[in-house]
Amino acid sequence: MSEPVKGISRDDVVHLAGLARIDLSEAELDHLASELPLILEHVASVQQAAGDDVPAMSHPVPVDNVFREDVVRPSLTPEEALAAAPASDQQRFLVPKILGES
Amino acid sequence: MTERQLTRLSADEMARGLAAKEFTSVEVTQASLDRIASVDGDIHAFLHVDPEGALATAADVDDRRSNGEQLAHLAGVPIAVKDVLATKGMVTTCGSKILDGWIPPYDATVTAKIKAAGLPILGKTNMDEFAMGSSTEHSAYGPTRNPWDRTRIPGGSGGGSAAAVAAFEAPLAIGTDTGGSIRQPGALTGTVGVKPTYGGVSRYGLVAMASSLDQAGPVTRTVLDAALLHVLMGGHDPMDSTSIPAAVPGVVAAARRADVKGLRIGVVTELGGEGFQPGVRARFDEAVELLTGAGAEVVEVSIPSLEHALAAYYLILPSEASSNLAKFDAMRYGVRVAPAGVDDPSAEQVMASSRDAGFGDEVKRRIILGTYALSSGYYDAYYGSAQKVRTLLARDFAAAFEGVDVLVSPTSPTTAYPLGDKLDDPLAMYLGDVATIPANLVGIPGLSLPVGLADEDGLPVGLQFLAPQQADDRLYNAAAALERLLEDKWGAPMIARAPELEAAR
Numbered sequence: 001m002s003e004p005v006k007g008i009s010r011d012d013v014v015h016l017a018g019l020a021r022i023d024l025s026e027a028e029l030d031h032l033a034s035e036l037p038l039i040l041e042h043v044a045s046v047q048q049a050a051g052d053d054v055p056a057m058s059h060p061v062p063v064d065n066v067f068r069e070d071v072v073r074p075s076l077t078p079e080e081a082l083a084a085a086p087a088s089d090q091q092r093f094l095v096p097k098i099l100g101e102s
Numbered sequence: 001m002t003e004r005q006l007t008r009l010s011a012d013e014m015a016r017g018l019a020a021k022e023f024t025s026v027e028v029t030q031a032s033l034d035r036i037a038s039v040d041g042d043i044h045a046f047l048h049v050d051p052e053g054a055l056a057t058a059a060d061v062d063d064r065r066s067n068g069e070q071l072a073h074l075a076g077v078p079i080a081v082k083d084v085l086a087t088k089g090m091v092t093t094c095g096s097k098i099l100d101g102w103i104p105p106y107d108a109t110v111t112a113k114i115k116a117a118g119l120p121i122l123g124k125t126n127m128d129e130f131a132m133g134s135s136t137e138h139s140a141y142g143p144t145r146n147p148w149d150r151t152r153i154p155g156g157s158g159g160g161s162a163a164a165v166a167a168f169e170a171p172l173a174i175g176t177d178t179g180g181s182i183r184q185p186g187a188l189t190g191t192v193g194v195k196p197t198y199g200g201v202s203r204y205g206l207v208a209m210a211s212s213l214d215q216a217g218p219v220t221r222t223v224l225d226a227a228l229l230h231v232l233m234g235g236h237d238p239m240d241s242t243s244i245p246a247a248v249p250g251v252v253a254a255a256r257r258a259d260v261k262g263l264r265i266g267v268v269t270e271l272g273g274e275g276f277q278p279g280v281r282a283r284f285d286e287a288v289e290l291l292t293g294a295g296a297e298v299v300e301v302s303i304p305s306l307e308h309a310l311a312a313y314y315l316i317l318p319s320e321a322s323s324n325l326a327k328f329d330a331m332r333y334g335v336r337v338a339p340a341g342v343d344d345p346s347a348e349q350v351m352a353s354s355r356d357a358g359f360g361d362e363v364k365r366r367i368i369l370g371t372y373a374l375s376s377g378y379y380d381a382y383y384g385s386a387q388k389v390r391t392l393l394a395r396d397f398a399a400a401f402e403g404v405d406v407l408v409s410p411t412s413p414t415t416a417y418p419l420g421d422k423l424d425d426p427l428a429m430y431l432g433d434v435a436t437i438p439a440n441l442v443g444i445p446g447l448s449l450p451v452g453l454a455d456e457d458g459l460p461v462g463l464q465f466l467a468p469q470q471a472d473d474r475l476y477n478a479a480a481a482l483e484r485l486l487e488d489k490w491g492a493p494m495i496a497r498a499p500e501l502e503a504a505r
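Top line first, the protein sequences correspond to chains R and D. Under my numbering, the first residue of the first sequence carries the number 1, and numbering increases by one thereafter. Under my numbering, the first residue of the second sequence carries the number 1, and numbering increases by one thereafter.
You may find that some hints are simply not true.
[As the list claims (entries may be wrong)] Below 27 Å or equal to it, Euclidean Cα-Cα: the simulated DSSO-like pairs (lysine-lysine) are:
id, chain 1, residue 1, chain 2, residue 2
1, D, K327, R, K97
2, D, K422, D, K97
3, D, K97, R, K97
Hint data in this document are derived by calculation from the structure and do not stem from the laboratory.
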């Protein structure tokens, strides 16, 4: 069986928001920190539901790798692919700096 | 025919009238657009209406028909599409600010099939943001109202599609169902909604929430209309690796057969007791009696692992959603919002600030929950355990279907509740999905049929049929039989009792 899981603290929520790349406000962090333990308490019953002998099911209909023929087919033009970009330049997505200066 | 008469036709009646040249597609499409203009200010089923595009398709279909061209049965019948399916050249927002104004450069396979068959697309329907919710109140663009009582929710996430069909704004709509988002709004608005077998309808171009649960399906006012649309939208698609490489089950023939004599029907013990509203229970029991009277063999069937289904669902769904929604990074498409008070922000800071500004509360809640359930140290306890529950459920359903052909339950434990009632109580809202989520977890098809109005509030009640994977035709046979029995009893379809919206304005 899996190890028991402890609750979720406000610091945990701060960490999770960082992992999920969402800049939550202080109020949102407070709200989630009070709400998530209640939801987790409700869903925790799954840990007692099945023994080690029960296999996990990731998908309702079993599928193997699906390949197509290796032939060229039409795709988006660069203009179509870039049409909804917040910013673009020279047929490329224009993004903010990736590495910090400091 | 008057606008009122045209908009009240079923899709099949409309298709036959078009084929017989009793009216044109431009006329029926204009009638739907006029109806939208007169009632949608109140109902808010649509996020976007496309009169020019719809009328252009209608005129083209009319031309081709008058030239004697062979057309699809539903050619010229207008349709509404849930805003989670990509429509080339037409705004697609998923009910989210993060996709405000996004115009997809491609069509979903379902969209492409609708266009190829010549159905004018009226517009895009409202939904809970990224389909996360059961009331359509989590749309970033404001809620949809239930045509039966505009102070109440239409269900969700596909409240827009269900309300559009219930309010006679469209004879047909496309919905998507991850945990009940077609069937529960169907129940709450007195319409028919079908979640096909997982893999029966292509997910290509369906903006993913939970990839192993999502499935698109028909939203209509009659069982036959649902079957006609199911055939049109279903079938194998090489663009979706989870698409089943097999023909669509014979759902139209089944809807026309409508015979339950000798059919073995199982009433699910765990779905109908505590927590189910008396009026829901009463209409459900009467419907089961009607089926028995028509020659069905009704027995009670237990699915013990249903006890853990809701918990498993609310772990698997957020886990998959947190992963799927990582693509909204403000770099290639979608809204980009710079963080306030930061000079020369980094890509990561822009990403985090855009996702904070672009996602609503419920989406953030589920992303954080999913991130937690998938994180190192908790994965086995939560996501892994939930996947095991899925196996237990699949075994229970397989055992149940050894003894019966279809299973039945109320679609939703309650009728439509007032707007705002459960908005701040996510757990209470999640509990409303108890009867619909099992089908998504195990990939089986489900159909919700209106079976009357609850005595205590006069609001629609739905009955859900479930069948084994790839036996979608059984749903249509049984539901069409019950639909006919109920209409014989009432003397008219239930939707005829829906309030006159204009008169109430």
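What hint numbers does the structure not satisfy? none
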